[in-house]
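**Student:** Read off the chains here:
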Amino acid sequence: MPSPALVDLSQASANAMLTARTSKAISAVLRGNALDPRNQQVVERAAEFLKGVVQGSVLVENTQFVGVSASHENLREFVRALSALQSLNLLSQNATVAEVFSSYRVQLLDLAKGQQVPGDDLQRLRRFFSELSSYFYSDLTRPVSEHRGDRLPPEP
Amino acid sequence: MLQKELAQHYVLEIAARATTVQNRCTRLLDEEFFSTAPPIFARTIQRMCAYLSKATLAIYDDIDWSLPAEDIDDDLRILQNTDQIIKILNQQLRYVEAARTERLPWSIVASFEKLVAAFLPNIQIMLRAMWQYNYAFHMLDQGQVFRRYLAGYHAYVPDMELERDVFQEMNRPFHIISFPSLEQKHILLHCLLGHEIGHLLVTEFLTKEREAALIDALKSEISKLADEDLQQLPDSLEEEARRAVKEALIGRKLEEALFFWRRALEELLSDSAGVLLFGPAALFSTLDLAMQTSLDVVPSADTDYYPPWRMRLRHGLELLDHQGGWFPIPDDLFKGDTERARRVNDRVSLIRDLAAKQSDRFEISKSRLAHLVYREVAAMVSAGNLFLTNTKGLGHQQATAVELYPRLPSLIERLDYNIPPNAIEDAIDPEQIATFAEILNAAWFKKLSLPSFDPVTGQFDPVGVETRNLMNNLTLKAIEFAHLATEYAEWKP
Numbered sequence: 001m002p003s004p005a006l007v008d009l010s011q012a013s014a015n016a017m018l019t020a021r022t023s024k025a026i027s028a029v030l031r032g033n034a035l036d037p038r039n040q041q042v043v044e045r046a047a048e049f050l051k052g053v054v055q056g057s058v059l060v061e062n063t064q065f066v067g068v069s070a071s072h073e074n075l076r077e078f079v080r081a082l083s084a085l086q087s088l089n090l091l092s093q094n095a096t097v098a099e100v101f102s103s104y105r106v107q108l109l110d111l112a113k114g115q116q117v118p119g120d121d122l123q124r125l126r127r128f129f130s131e132l133s134s135y136f137y138s139d140l141t142r143p144v145s146e147h148r149g150d151r152l153p154p155e156p
Numbered sequence: 001m002l003q004k005e006l007a008q009h010y011v012l013e014i015a016a017r018a019t020t021v022q023n024r025c026t027r028l029l030d031e032e033f034f035s036t037a038p039p040i041f042a043r044t045i046q047r048m049c050a051y052l053s054k055a056t057l058a059i060y061d062d063i064d065w066s067l068p069a070e071d072i073d074d075d076l077r078i079l080q081n082t083d084q085i086i087k088i089l090n091q092q093l094r095y096v097e098a099a100r101t102e103r104l105p106w107s108i109v110a111s112f113e114k115l116v117a118a119f120l121p122n123i124q125i126m127l128r129a130m131w132q133y134n135y136a137f138h139m140l141d142q143g144q145v146f147r148r149y150l151a152g153y154h155a156y157v158p159d160m161e162l163e164r165d166v167f168q169e170m171n172r173p174f175h176i177i178s179f180p181s182l183e184q185k186h187i188l189l190h191c192l193l194g195h196e197i198g199h200l201l202v203t204e205f206l207t208k209e210r211e212a213a214l215i216d217a218l219k220s221e222i223s224k225l226a227d228e229d230l231q232q233l234p235d236s237l238e239e240e241a242r243r244a245v246k247e248a249l250i251g252r253k254l255e256e257a258l259f260f261w262r263r264a265l266e267e268l269l270s271d272s273a274g275v276l277l278f279g280p281a282a283l284f285s286t287l288d289l290a291m292q293t294s295l296d297v298v299p300s301a302d303t304d305y306y307p308p309w310r311m312r313l314r315h316g317l318e319l320l321d322h323q324g325g326w327f328p329i330p331d332d333l334f335k336g337d338t339e340r341a342r343r344v345n346d347r348v349s350l351i352r353d354l355a356a357k358q359s360d361r362f363e364i365s366k367s368r369l370a371h372l373v374y375r376e377v378a379a380m381v382s383a384g385n386l387f388l389t390n391t392k393g394l395g396h397q398q399a400t401a402v403e404l405y406p407r408l409p410s411l412i413e414r415l416d417y418n419i420p421p422n423a424i425e426d427a428i429d430p431e432q433i434a435t436f437a438e439i440l441n442a443a444w445f446k447k448l449s450l451p452s453f454d455p456v457t458g459q460f461d462p463v464g465v466e467t468r469n470l471m472n473n474l475t476l477k478a479i480e481f482a483h484l485a486t487e488y489a490e491w492k493p
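So the protein sequences, as listed, match chains X and D. With our numbering applied, the first sequence covers 1 to 156. With our numbering applied, the second sequence covers 1 to 493.
Among the clues, some could well be false.
Taking lysine-lysine and the DSS-like style, the derived pairs with C-alpha atoms no more than 30 Å apart in a straight line are [to be verified]: (1) Lys219(D) <-> Lys51(X); (2) Lys477(D) <-> Lys51(X); (3) Lys114(D) <-> Lys51(X); (4) Lys366(D) <-> Lys114(D); (5) Lys185(D) <-> Lys219(D); (6) Lys208(D) <-> Lys219(D); (7) Lys51(X) <-> Lys335(D).
Sample of chain X residues lacking proximity to chain D, with all beta carbon distances greater than 10 Å (derived) [stated by the list, open to error]: (8) Leu35; (9) Ala47; (10) Glu48; (11) Gly56; (12) Gln64; (13) Phe65; (14) Leu75; (15) Ser92; (16) Leu109; (17) Asp110; (18) Ala112.
If you want a taste of the chain X side facing chain D, the calculated C-beta under 7 Å gives, among others [what the hints assert, rightly or not]: (19) Ser10; (20) Ala14; (21) Lys24; (22) Ala84; (23) Ser87; (24) Asn89.
These are computed hints drawn from the structure, not numbers from a lab. Every residue, glycine too, gets a C-beta built ideally from N, C-alpha and C.
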C-alpha cells in the first residue's frame, strides 16, 4: 500500500516549528523583553494559524462567529489544538471552544501590535503553544505506517 | 551546563547527519539516470541539507543559556524538528536510488513522459521502482512539500534565498510515480501507468469548493453519528469535557469523510483516465491486479481507503460500454480465428459477471461513514468523467474501438511471429507507427487469445514463463521503437 504517497509530514513539521517559536517568543515577553521584529512576525503567523483553527471549530460547532467563516481546511490543526486544550485543562464552562481559540488569537494580535496582554493570559498562551508543538512533533516522528491508523477506529 | 554540553553534542550529530546525506547525494549522482528528474531531486535534497546544517548552528547560537532549563525546551524542540527533517530527507533518497536506469522499464520511460507532457506540459515526474507490490502516485507536489519543510527557517539563515539557493531546479510541480519492482518488465501491467496519469488530472477536479459541498452534505448526519458515539461515555463526564469530546469526534469524522471521498474519487476517476487512454487493456490490467486480493475489501485506514476492486472493475467496464463498440470483440482481430476471439470475449464475460455482483456495496454499507460518503461519490463520478473528457482533453486523445480495432490485426500477427508490434505494414504504403495504446491492446489481446497452459495437454507448460517474458520484451521493445520512430519523424536537422 502506498502510504508514503499519501502522508504529508511537512505540514506537521511546519506547525511544530511555528508553535515552538511562538512559545519561545511569548517566553521572552514574559521575561520582560519587548517583541523584536522577528518575533513579531512569528506571533502574527501564529495568529493566522489560530484563525484556521477557529474556522475549524466554527464548522464543527455549526455556529455563527463574527468575522470568521467555517472551513474544513484546517480540521487536523483544529483536532490537535483541541487535544492540547483538553490535556492542559483549559476548557471553559462559560465559553465554547471556538470562543477560547478566538480569544487566544485576539491576545496574539494584541501582542503583535505591542499592546499589553495580562501575564496570566501570556502564561496560558505559552503553555498552549508549547503543548501544541509537542503534538505536532509527535505527528512528525511517528512511523509512516502508524499514520495509516491515524483515523477513527473501525465502526462496530 | 550539562544541558549545554548535551546540546552541543546534539548539534554536532545533526550536522554530521546532514553531511552524510549530502555525501550520499554526491555518490548517487554518479549513477546513470534515464531522466533529469532524479538528479534534480538528489541535488535539491543536497542543498536542503546544507541549508539545514547552517540553520542548526544558528538555532544553537540563538539559545540563551542563562535561562532556566524549561525555558530552552522550545529551542531544543526546534533542533529536534530540524534533525527530523534531515532524517526524512535521507529516507527520500530511496526514491532516487530506485529511479536509476537499471531499476526502470527504461524502454517506456521516454514514451510515458511524452504522454504525460501531452496533458500536463509543466509537470515533472519521477518514475521509480519500489519493493512493495503496488502502483502508487504521490499526489503531493514534492516541491511544495520541500518548501514547507524549510519555510520556518528563513529567520535563522537570512543570507540565503530559498528559491535562488535551494529550489532553483525544482521550479515546476514534481510528482513521484512508483511501480512494483517485481514487475519491471511486465508491460501488460504497466497499462496502469495510464491510471497514474489520471491522478495528475483528477487533482484539479477535487477542489476546495467540492470538498466544502461534501462537508455541507454530510455535516448533520456526521453530528448524529458523533452523538451516538457519545452515548458510550460515562454520564459522570462534565459538560465541557463532553462537548469537547463531541467536537473532536465530529472533527475527526469530517476529516475521515474527506479522506474517504478524495481517495474514492482519485482512484475511480484515475481508472477512468486509464480506460480513456488505453481502452480494454486498462480493464484487463485492473483485473490482473484485482485478482491478487479480495474484490470486496472495504476502504479503511488499513487499506489506504482504496475503493473495492469490484467497484473499480464495474466502473471501468461501464465506461467502455458507454463508449460502445468494444465488446464483443470481432473475429477479425485474429484474422477470422473464432477460437482466439472467443477466449478474449470469455475474459470480458468473466469481468461482467464479477461486476454484476453487489457484494462490495454490501461491505461498504457496514460502515455508516463509508456508506454516507460513497453515496456522495456515486453522485460525483459522472461529473468527474466529463471533466476528464472535456476539460482535460482526454476526449480528443481517447482510444476508440472504431480507430483501434482496424489496426490491431497486423500488430497481433507480428507478435505471433515474435516481431515487436511497433508498426503497421499492411500495404506497400509507408509504414504507420503504432501508438502506445495500440501496442498495449495488441499485446493484451494476443495474450488473452491463447491459453496460459499447454493447449493440448491442459497442463502447466514449463516454457510458458519464457513465452510470456518474450512477449513482454517484444512489447517493451515495440514501445521503444515506436517512440524512436516518432521522434525521428518529428526531428528536423
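**Student:** Now tell me, hint by hint, if it's right for this structure.
**Tutor:** Going through the hints against the structure:
Note on Lys219(D) and Lys51(X): the hinted pairing holds, with a Cα-Cα distance of about 21 Å set against a maximum of 30 Å. A distance of roughly 56 Å separates the Cα atoms of Lys477(D) and Lys51(X); the hinted pair therefore is violated under the 30 Å criterion. The suggested pairing of Lys114(D) with Lys51(X) is violated, with an alpha-carbon distance near 43 Å, which exceeds 30 Å. A threshold of 30 Å between alpha carbons decides the hint, and for Lys366(D) with Lys114(D) the separation of about 43 Å lies outside it, so the pair is violated.
Taken as a hint, the Lys185(D) and Lys219(D) pair is broken in the structure, with Cα atoms around 47 Å apart against an allowance of 30 Å. For the suggested pair Lys208(D) and Lys219(D), the alpha carbons sit about 16 Å apart, so the restraint of at most 30 Å is met. Proposed proximity of Lys51(X) and Lys335(D) is contradicted: the alpha carbons are some 68 Å apart, above 30 Å. Every CB of chain D lies more than 10 Å from the CB of Leu35(X), the least distance being 14 Å, so the non-interface label holds.
The non-interface label for Ala47(X) is consistent with chain D: the shortest C-beta to C-beta separation is roughly 16 Å, beyond 10 Å. With a minimum CB-CB distance of about 13 Å to chain D, Glu48(X) clears the 10 Å threshold, and the non-interface call stands. Consistency note on Gly56(X): stated as away from chain D, yet its beta-carbon is not over 10 Å from all of that chain's, at 7 Å minimum. Residue-level check passed: Gln64(X) sits 14 Å from the nearest beta carbon of chain D, beyond 10 Å.
At the 10 Å boundary, the C-beta of Phe65(X) stays outside the reach of chain D, the nearest C-beta of that chain being 14 Å off. At the 10 Å boundary, the C-beta of Leu75(X) falls inside the reach of chain D, the nearest C-beta of that chain being 5 Å off. With a minimum CB-CB distance of about 7 Å to chain D, Ser92(X) fails to clear the 10 Å threshold, and the non-interface call is violated. Here Leu109(X) stays apart from chain D, with its beta-carbon at least about 20 Å from theirs, past the 10 Å limit.
Chain D leaves Asp110(X) outside its interface by the beta-carbon criterion, the shortest separation being 21 Å against a cut-off of 10 Å. For Ala112(X), the shortest C-beta to C-beta distance to chain D comes to about 15 Å, beyond the 10 Å cut-off, and the non-interface label holds. Using the Cβ-Cβ criterion of 7 Å, the hint placing Ser10(X) at the interface with chain D is satisfied: the shortest such distance is roughly 4 Å. Hint status for Ala14(X): holds, given a least beta-carbon distance of 5 Å to chain D, under 7 Å.
With 7 Å as the threshold, the beta carbon of Lys24(X) comes within range of chain D, its nearest partner Cβ sitting at about 4 Å, so the hint holds. At a threshold of 7 Å, the smallest CB-CB gap from Ala84(X) to chain D is about 11 Å, leaving the interface hint violated. Taking 7 Å as the C-beta cut-off, the interface hint given for Ser87(X) is violated, the closest approach to chain D being about 11 Å. The beta carbon of Asn89(X) comes no nearer than 10 Å to any beta carbon in chain D, farther than 7 Å, and the hint placing it at the interface is violated.
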